[in-house]
Amino acid sequence: MGWGCLHSDLPLKSIEADFGEGPVTVYFKDMNVRQRKLIIAARERGGGQDAVMESFMIRSRDSTGLRMFKESDRSRVETQFDPDEIDRVVIEMNKRDDPAGN
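Its first residue numbered 110, the sequence shown is counted upward by one per residue in the working numbering.
Since the hints were derived computationally from the structure, they do not count as laboratory data.
Wrong hints could be hidden among the right ones.
Straight line, CA to CA, 30 Å or less: simulated DSBU-like cross-link-like pairs of lysine-lysine [as the list claims (entries may be wrong)]:
id, residue 1, residue 2
1, Lys146, Lys122
2, Lys204, Lys138
3, Lys122, Lys204
4, Lys179, Lys146
5, Lys179, Lys122
6, Lys204, Lys146
7, Lys122, Lys138
8, Lys204, Lys179
9, Lys179, Lys138
Between beta-carbon pairs, the in silico distance windows are [stated by the list, open to error]:
id, residue 1, residue 2, range
10, Lys146, Gln189, 14 to 20 Å
11, Arg154, Glu125, 26 to 32 Å
12, Gln158, Asp118, 29 to 35 Å
13, Ser123, Gly156, 24 to 30 Å
14, Glu153, Asp118, 27 to 33 Å
It should be emphasised that the depicted structure is a prediction, and the values quoted were computed from it without experimental measurement.
Glycine included, C-beta positions come from ideal geometry on N, C-alpha and C.
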């Protein structure tokens, strides 16, 4: 694909996770510019953990590519999901992110 591809054309990648509600597959795509801006803004507002949560909320997708979580889910995710598993998933997303979309 490379630099000329549309973000919507990028393939979904996946990570197996368990946030305390049973096993789930989290799908994601390489980060786009808008997502990066939102994550940077979250870090500037509230620090590293806010940036991790923002990344998790906006990048997590289901198998069809739709967002797994809406903003209205944030409180539930922050209070009921295993924070170490959220950290692990976001770290894995970042490791597997390809800025060129390759």
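Violated hints - listed by number, lowest first:
10
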